[in-house]
Structures are given as C-alpha cells and as structure tokens.
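Trainee: One-letter residues, chain by chain:
Number of protein chains: 2
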Amino acid sequence: MIEIERKFLVLSDDFINEAFAKKRIVQAYLNSNPERTVRIRIKEEKGFLTIKGKGNATGTTRLEWETEIPLQDAEKLLTICESGTIDKIRHEVKVGNHMYEVDVFAGENEGLIVAEIELQSEDEIFKKPSWLGKEVTNDERFYNAYLSVKPFKSW
Amino acid sequence: MIEIERKFLVLSDDFINEAFAKKRIVQAYLNSNPERTVRIRIKEEKGFLTIKGKGNATGTTRLEWETEIPLQDAEKLLTICESGTIDKIRHEVKVGNHMYEVDVFAGENEGLIVAEIELQSEDEIFKKPSWLGKEVTNDERFYNAYLSVKPFKSW
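Chains as they are written, first to last, in full-length UniProt numbering: chain D, 1 to 155; chain Y, 1 to 155.
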C-alpha cells in the first residue's frame, strides 16, 4: 500500500516514438484534498477507485490503495465527483529497466506533459532519457488532484 | 446503486429485546461532505468502503456504492481519514416484513439512538414499532458524516 514515485516535466515529444502503449485516462475526484485524495478513473474501458494519503517530506512516498471497479459504476461515480475532470493520454515508455508513464494532458490542462516513474525504494537509481526535464515530485501544483482544481491553463 | 432509506429517533430501549443481532461498527470519513461522502467502516471483523451522493429533496433517496475491502486495508485507510471517528453498536430488529437497523452511538455521540429502515420505493408502507420516534430522514445533522464533524454531545 506504499507507493514510491518521482515526477518530472518533459522537455520534448521525443518520447512518442519510444512509447509502446497509449491509453486515454479520464478521472475526477471525490476528494481532491492532498491529505486524502479519492479518485475515480476510467482508463480505456476499465474503471478504478484510488485512495492516496499525504506525501512524505520529499513527496516521493505516499500511501496508495487501488481497486478495479465496474466501468458502469465508475461512470456513475464520476457524476458526483468535484468539478474539474482530468483528461489525458498516458504513454508507457520503457527506459532501461524502468517504465516511465508520460501523461499528455488535454482540455484545461493542455500544454502540460509530465513523466512519472515508480521505484522500489527512494534511492533507487534509474536512467534519465534526454527528453526528461526538471523534477517536480515535491511540487503539489503538479498533483492531478490539484490540477483538477487549478488547471494548467489558469496558471 | 440507489438507496432508499428513512431514519427515525428512538424513544426507548424496548428494541433491545427484539434485536436478533448486535454488531460493533467503527467508521470514519475520507470525505464528510454530504455531496459525496466516502466512508471507511469496520463492522466486526469486516472492512467496507462506501460512497454516497447527495440526498434528493426528501432526503430519502441517495446514490450509494459499497464494496467489501480487506480488514487490514480498512485499518490502514482509517489512519488517513478526517478526525471524528464514529463508534456505535448496530442492533438488527425485524418488524413485520422489514428490518430496522438501530444504532446506539458511543463516544462523542453517546446518548443518540437512531433507527433506519431500507425501502424498495419512497412510498412503501412499513410497520412502526412503539419505540419509534420522530422522523429525521431529511435532517442532515443526523447524517453520520455530519456527526463525525459535529458530534451529538457538542449540540
């Protein structure tokens, strides 16, 4: 139930050619408070309910709990979420032994591209591809929950 | 996913002798906002995650979605809930063809006893036992989510 993750801005779209999968994600929040976010997500034809706790001091480690739920239930639950739906295309890009998830945002967050990498420990070494930019792991403005309330275009 | 329910105050403890089951419930909220409550509940040795939408005009009908979750996960998720845990003993009391759930609250809500009945339609007829008091279905103060923030003893 512990997720260790680091997040980076993306400098160019050179990752596109390296991506081996592309999935549309639509998600909204039953609670966008970073102390206890509750997210409803539809990823292609699957529904998910995800709960996350607050990040630690570096923002790298958070409690995370997820369960798959029926697509129809996810659609129903989206109707009672807070306003501010996140719409993005997730590209899965393998770099060395790790997988980067590169999210290209649409709608109110168009223009934002963010890459995340999940790690086994906080100090795990990983390869940084040329298109990887500044680290924003500890910057709450880039939390999707925050983007649902204060979208990138409004910055 | 639609729940139709009516709620009443309880006048006496005469229901105790009619109860055929008694279960301890401990619950707290990942969101206590009545527009979209998210509840973590431990009922005896089982964990549950429940999401409810806003009530209709009469407060009788709400969207409700529930899933059982592992007890250990529920215990972990309780640690990131809002403060204000609800602790109560639920008595199941059969009256005619219906089941009343009579909740005897403890802790900060001690002194409060509330009975709920689940119906198939808003206008369904049901028997009212002698211990049943005033209807409070539409009174948000008696929502458990509200009681977690403003407990009965503080009224």
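Rather than coming from a laboratory, the hints here were simulated on the basis of the structure. There could be a bad hint or two in this list.
Cross-link-like lysine-lysine pairs, in silico, DSBU-like; alpha carbons within 30 Å at most [what the hints assert, rightly or not]:
(1) 7(D) x 150(D)
(2) 46(D) x 22(D)
(3) 46(Y) x 46(D)
(4) 134(D) x 54(D)
(5) 46(D) x 54(Y)
(6) 76(Y) x 54(D)
(7) 43(D) x 23(D)
(8) 94(Y) x 43(D)
(9) 128(Y) x 54(D)
(10) 76(D) x 153(Y)
(11) 127(Y) x 54(D)
(12) 94(Y) x 128(Y)
(13) 150(D) x 127(Y)
(14) 76(Y) x 7(D)
(15) 128(Y) x 76(Y)
(16) 22(Y) x 46(Y)
(17) 128(D) x 76(D)
(18) 153(Y) x 54(Y)
(19) 23(D) x 134(D)
(20) 76(D) x 128(Y)
(21) 150(Y) x 22(Y)
(22) 46(D) x 76(Y)
(23) 76(Y) x 127(D)
(24) 134(Y) x 150(Y)
(25) 76(Y) x 43(Y)
(26) 76(D) x 43(Y)
(27) 46(D) x 150(D)
(28) 153(D) x 22(Y)
(29) 76(D) x 94(D)
(30) 94(Y) x 76(Y)
(31) 134(Y) x 76(Y)
(32) 76(D) x 134(D)
(33) 134(Y) x 54(Y)
(34) 94(Y) x 54(D)
(35) 76(D) x 127(D)
(36) 54(D) x 7(Y)
(37) 153(Y) x 22(Y)
(38) 127(D) x 22(D)
(39) 43(D) x 22(Y)
Trainee: For every hint, state whether the structure bears it out.
Mentor: How the hints compare with the structure:
no.	hint	result
1	7(D) x 150(D)	18 Å, holds
2	46(D) x 22(D)	14 Å, holds
3	46(Y) x 46(D)	26 Å, holds
4	134(D) x 54(D)	22 Å, holds
5	46(D) x 54(Y)	25 Å, holds
6	76(Y) x 54(D)	13 Å, holds
7	43(D) x 23(D)	7 Å, holds
8	94(Y) x 43(D)	44 Å, violated
9	128(Y) x 54(D)	46 Å, violated
10	76(D) x 153(Y)	36 Å, violated
11	127(Y) x 54(D)	47 Å, violated
12	94(Y) x 128(Y)	11 Å, holds
13	150(D) x 127(Y)	51 Å, violated
14	76(Y) x 7(D)	25 Å, holds
15	128(Y) x 76(Y)	39 Å, violated
16	22(Y) x 46(Y)	14 Å, holds
17	128(D) x 76(D)	39 Å, violated
18	153(Y) x 54(Y)	25 Å, holds
19	23(D) x 134(D)	24 Å, holds
20	76(D) x 128(Y)	34 Å, violated
21	150(Y) x 22(Y)	25 Å, holds
22	46(D) x 76(Y)	25 Å, holds
23	76(Y) x 127(D)	33 Å, violated
24	134(Y) x 150(Y)	20 Å, holds
25	76(Y) x 43(Y)	15 Å, holds
26	76(D) x 43(Y)	26 Å, holds
27	46(D) x 150(D)	26 Å, holds
28	153(D) x 22(Y)	54 Å, violated
29	76(D) x 94(D)	34 Å, violated
30	94(Y) x 76(Y)	34 Å, violated
31	134(Y) x 76(Y)	37 Å, violated
32	76(D) x 134(D)	37 Å, violated
33	134(Y) x 54(Y)	22 Å, holds
34	94(Y) x 54(D)	43 Å, violated
35	76(D) x 127(D)	40 Å, violated
36	54(D) x 7(Y)	35 Å, violated
37	153(Y) x 22(Y)	23 Å, holds
38	127(D) x 22(D)	21 Å, holds
39	43(D) x 22(Y)	41 Å, violated
The earlier numbered hints that this structure contradicts are 8, 9, 10, 11, 13, 15, 17, 20, 23, 28, 29, 30, 31, 32, 34, 35, 36, 39.
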